[in-house]
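*Asks:* Read off the chains here:
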Amino acid sequence: MTTKLFGEPVQRREDARLITGRGRYLDDLGAGAPAAAFVRSPHAHARILDIDVSAALDVDGLVAIYTWEDLPGALAEPLPLLIPHPALTHGRTACPLAREIVRHVGEPVVMVVARDRYLAEDACSLIRVDYEILTPVVGVEEAARAVHLVHGDVPGNVGAHLVQEVPSADGRSAREAVETAPHTLAFRLDVERSASMPLEGRGVYARWDDDDRSLRVYSSTQSSTSVRMAIAAKLGLPLPKVEVIAPDVGGGFGVKIVHPWPEEVLIPWAARLLGGEVKWTEDRREHFVSSAHERGQVQYVRVGFDDDGRVLGLDVNILHDHGAYTPYGIIVPIITSTQLLGPYKIGAYRVEFSSIYTNTVQVTPYRGAGRPQGVFCMERTMDKIAAHLGLDRTEVRAANFIQSDEFPYDQGLIFQDGRPLIYDSGNYPEALRMLKELIGWDSFPELKAAAAAEGRTIGIGLGCYVEGTGVGPYEGGHVQITSDGRVHVSTGLTSQGQGHETVFAQIAATELGVPIEKVSVVTGDTRRFGYAVGTFASRAAVMSGNAIALACRKVREKALRIAADALEADPRDLEITDGVVHVAGAPSASIPLATVAVLSNPLRYAFDEEAQRATQFSGASSMDRPPIEEGQEPGLEGKDYYSPIRSTFACGMHAAIVRTDPLTAEIEILRYAVVHDCGRLINPMIVEGQIHGGVAQGVGGALYEKMAYDEHGQLLNASFMDFLMPYATEVPRIETAHLETPSPLNPLGIKGAGEAGVIPVSAVIASAIEDAEGIPIDRMPISPSDLHTLRLTR
Amino acid sequence: MKPSPFDYHAPADLDEALDVLARVGPDGGKVLAGGQSLIPLLNMRLAAPAHLVDINRLTELATVEAGPGGVRVGALARHATVERSTPAAAVQPLLGQALRLVAHPVIRNRGTVVGSLVHADPSAELPAVLALLGGSVRLAHRGGEREVAAAEFFTGPMESAAAPGELAVSAFFPARPPRSGTAFCEVARRHGDYAMAGVAAAVTLDEDFRIAAARVACVSVGPIPVVVDVADACGGRPEASADWAAAAAAVRDRIEPEADIHATADYRRHLTGVLAVRALRGAAVEAAGEEGT
Amino acid sequence: MNHPITLTVNGVVREATVPARRLLSDCLRHDLGLTGTHVGCEHGVCGACTVLLDGEPVRSCLMFAATADGHEITTVEGLAAADGTLSPAQRAFAECHGLQCGFCTPGFLCTVTAFLRENAAPTDEEVVEAISGNLCRCTGYQNIIKAVHRAAELQAETRADKEEGAR
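Protein chains in written order, with UniProt numbering: chain A, 1 to 794; chain B, 1 to 293; chain C, 1 to 167.
Please note that a few of the clues may not be correct.
To be verified - SDA-like mimics (lysine to any residue), calculated; alpha carbons at most 25 Å apart, straight line:
(1) C/Lys146 - C/Thr123
(2) C/Lys146 - A/Thr184
(3) A/Lys345 - A/His148
(4) B/Lys30 - C/Thr17
(5) C/Lys146 - A/Val147
(6) C/Lys146 - C/Ala156
Since the hints were made in silico from the structure, they are not lab data.
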């Protein structure tokens with residue numbers, strides 16, 4: 001098997017180094033580099049009165065101490081607000097080190113550099129910061145009451161307010177449609193905070209080269225190209241003098257897409273100032289209080305529907321807890337409010353959200369990025385409609401589905417990429433049919449009755465979603481075939497465990513007709529590829545996959561043209577198999593790609609055997625033409641970009657069976673089933689792995705994980721002991737089935753899969769617990785203690 | 001998350017250890033055994049002792065001695081060693097029943113039984129076991145030692161009777177009496193976490209299989225393990241007809257649970273009652289089976 | 001004060017002089033350059049830093065290097081044979097897609113290696129219990145569990161081959 005690798009469960013090429021301890025993660029680099037540590041605010045809201053570093057100056061091994069007052073020029077200004085939006089009227093970001101006011105526990109106040117991290121922490125512990133305590137604003141509803149302000153110049157604590165409205169076909173507003181519907185329900189839903197929580201925290205290692213006057217920065221980031229531009233801008237360096245590399249990254253899940261983090265500009269700045277290298281490796285406690293969280297929302301829902309459960313009007317008002325700052329704009333609530341619609345045709349829709357500041361860690365996307373909350377809202381609504389009408393929950397969903405012949409389907413809203421929310425393809429009725437079969441939906445009532453007879457309480461639930469994936473604006477791919485026959489592929493976006501080195505190699509090998517062993521892939525290294533957006537929004541395979549395929553096609557075309565010259569054949573008659581170009585049906589008339597690579601470069605110093613052999617193939621060169629013809633370039637390489645007109649929409653439907661203990665209120669997931677459609681699969685093994693991981697994070701969000709802030713803005717569970725990420729013992733076996741509805745939008749027909757698994761899990765588990773218990777489940781996560789309390793109020 | 005500096009002492013034997021402790025104990029010296037509870041506190045700088053006395057070279061204390069009267073566990077016996085000890089399990093099965101619930105296997109490879117007792121976490125299993133069984137801890141100091149009964153040993157949350165300069169050299173867990181059974185039931189948020197509530201139970205039957213003695217020790221519902229004698233509440237009847245509801249009520253009345261981020265006080269109280277019944281029944285069934293063998 | 005220590009790491013005697021508070025994880029990574037052992041939480045919950053101490057899995061972030069003086073340690077770098085042949089656990093994790101970002105993987109591999117030595121043919125439940133102290137944020141554990149079973153098979157095959165060869 002050498003060429004048709006697309007669609008095969010090819011083993012990962014990353015693994016050889018990662019299973020032997022030869023991976024290179026951020027903290028594995030820069031042995032012996034001075035280490036940074038930070039004094040971070042212990043208060044949720046306070047004014048800095050004085051910083052006294054004198055006691056720290058005696059620490060052996062101390063290199064430097066910096067406060068905001070030390071920061072020059074642009075570095076002293078607030079960090080960029082990455083994605084402005086007209087509705088974000090009061091966007092606020094922090095300075096890299098706090099200036100005057102701290103607005104959440106964990107905000108960096110002082111940076112210390114010392115010989116190692118132990119000594120840096122010693123120095124931090126000796127620095128005295130005097131604070132005047134200000135009243136903390138905690139809890140989104142409390143913040144919305146605006147008795148106290150997080151930012152003195154943001155009235156009402158409202159950073160953004162946005163209303164989107166799609167009238168019904170007959171022109172009625174959503175509110176009117178709700179009010180005149182045969183049935184109406186109104187309720188409130190709550191989703192608590194969680195966080196990406198990759199096992200590797202953030203980290204930055206910067207090395208200033210005084211001879212070259214250049215900066216090389218390694219960051220555990222999801223976007224090295226943008227970090228590079230931010231550093232150049234903040235430090236006033238020419239862009240070509242800054243290179244940023246994402247090494248092996250120990251998970252991202254969204255938190256590492258934010259950039260620049262304070263440390264991503266401070267560490268390079270200190271390295272340049274100190275004329276050498278500086279490294280900062282975030283520890284777990286720092287990650288809890290100084291990176292980012294997500295999910296927290298309160299939703300007020302009003303829905304009107306007919307006797308069949310068809311939604312005639314839906315009116316949703318969302319309070320979104322944005323934490324102290326909005327560096328990533330209002331992407332999360334925009335996604336919630338648009339993706340809420342899922343696979344359904346809603347008669348008339350009105351959604352309004354307010355993005356509210358609180359004195360807590362900032363909120364930026366975490367895998368799913370607002371979708372889990374939106375899906376929770378819509379799927380809870382579907383279940384409530386079914387309960388109200390006494391209908392099967394799957395029937396209500398089916399009654400509202402967009403049908404297969406209705407694509408492209410325009411939802412009439414503006415999506416996160418600023419483009420219309422138009423679904424490209426899908427087959428929702430079939431996905432639901434498959435899910436019902438997989439979980440045994442229709443026979444569940446017998447199962448439930450049998451369990452009840454044994455004194456066991458079980459319930460079944462489901463959740464459906466549509467996920468916009470592969471958002472633009474672009475990604476690029478570069479492919480070079482060298483005279484040793486090797487294929488070097490690079491793309492600018494980064495990897496955090498998704499297997500890009502494998503899937504992009506599969507694409508290149510398939511497109512070029514070369515053995516995969518000849519292909520190597522580099523991601524996230526600005527020395528190799530300078531323009532990129534980053535890895536988020538389930539976009540890497542769609543964006544870079546297609547860009548690499550397009551680049552490969554360019555290279556292939558060039559290779560065939562050169563080979564045709566050499567073989568005196570028509571390029572249209574040529575094929576590439578196993579890295580050899582040959583005339584279709586005449587394998588003896590052939591030329592290896594390695595040789596083609598030599599021929600592509602008129603400078604043929606004989607560095608290797610291929611170059612020596614090349615002359616015998618070179619056609620008679622015309623003395624009338626330059627060695628490189630107009631419009632051509634030396635070398636067998638190509639670059640191309642993929643820039644889609646809009647996102648492509650994947651879909652999935654999950655179902656679960658849970659058992660609840662009648663006495664202890666423990667909740668156990670007995671079965672978990674997934675039907676997933678992300679278009680054509682490049683590597684089914686990797687797609688399955690992505691779904692598994694997403695579901696596990698979803699289980700965390702449904703049953704275990706929350707950020708518990710007290711009224712003072714202290715995070716009470718800033719450790720792995722009390723922030724309960726699931727172990728193997730908490731994750732059920734996950735059963736999966738795939739449906740492949742290709743995307744018509746891109747050459748490979750693929751859709752994104754990275755976030756899929758996590759999106760509907762809270763909705764599914766809530767649905768199943770509600771079925772088991774007969775109690776409305778309107779707030780997630782739910783613990784045994786919560787369930788016990790709900791039972792008491794029944 | 002790196003520990004503050006400290007002076008490190010690594011005595012080679014018990015005498016040296018007691019000498020060092022006599023010197024540095026009053027100066028805030030802490031004993032390091034398995035370190036599975038202490039080192040997280042040091043890494044987070046929630047504790048910063050000036051001296052650390054590492055007893056890991058005191059292999060003479062890595063003992064598990066099971067005799068007719070009970071099991072004496074030395075200060076360096078790891079959880080895993082005691083958990084796997086067949087003689088210990090034969091003499092007092094509750095040890096193994098509880099140890100399987102202590103954190104995760106890898107933690108148990110390093111953590112020590114005596115260390116868990118001295119740490120005196122009211123959410124931990126082993127203090128409840130010692131308290132339930134009426135065991136004791138032997139505290140040595142330079143020139144002497146004393147045996148402190150469980151009832152006096154646990155003095156508050158994370159506080160024990162071990163004084164500065166003293167080393168807990170062993171703990172004694174009395175043997176299971178004839179016609180007796182034990183059980184440990186708990187509910188934790190995740191497998192291996194500290195329990196939201198947990199109950200260790202010991203039941204002894206009389207010759208007619210009626211409940212003659214029944215006690216429970218509850219975790220996570222008070223400043224120290226809460227021991228409740230429920231023999232009277234059970235009503236001196238056999239397992240099948242005992243008044244377990246009354247026993248549960250007696251337990252619920254005695255505990256003082258507090259709310260935290262994982263559970264309300266009310267839930268802990270309810271859960272402790274449920275677990276008390278499960279543990280007591282389990283212990284009673286085991287006691288009956290014990291009689292049968 | 002610094003303490004001279006001698007560790008036998010992956011079969012090689014290594015010497016270092018470390019402050020008393022140097023965590024074993026930091027000593028392995030930064031003093032001995034064995035960065036395969038990862039640090040995920042530094043409070044003993046995630047298991048990424050798990051190494052084998054005299055053959056038993058322990059958290060290297062919950063141990064001082066000074067305490068480990070004189071002991072044998074195996075890290076992920078020492079799991080493959082001297083000739084580079086991967087261990088059954090390593091092969092199985094790659095075969096079954098038991099890793100994604102790979103950060104937690106060294107801890108899992110060390111844990112599983114010791115577990116399969118004690119229990120060569122585990123049940124599903126035993127596998128889950130064995131890895132229940134290691135956090136993975138990527139895989140949802142599905143393929144890790146598969147990989148442990150596969151490693152048991154590979155280990156049995158390897159042993160059978162060795163016995164065959166010895167005859």
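*Asks:* Could you run down the list of hints and mark each one as holding or not?
*Replies:* A quick look at each hint next to the structure:
no.	hint	result
1	C/Lys146 - C/Thr123	11 Å, holds
2	C/Lys146 - A/Thr184	48 Å, violated
3	A/Lys345 - A/His148	41 Å, violated
4	B/Lys30 - C/Thr17	23 Å, holds
5	C/Lys146 - A/Val147	54 Å, violated
6	C/Lys146 - C/Ala156	16 Å, holds
Checked against the numbered hints above, the structure violates hints 2, 3, 5; every other hint is satisfied.
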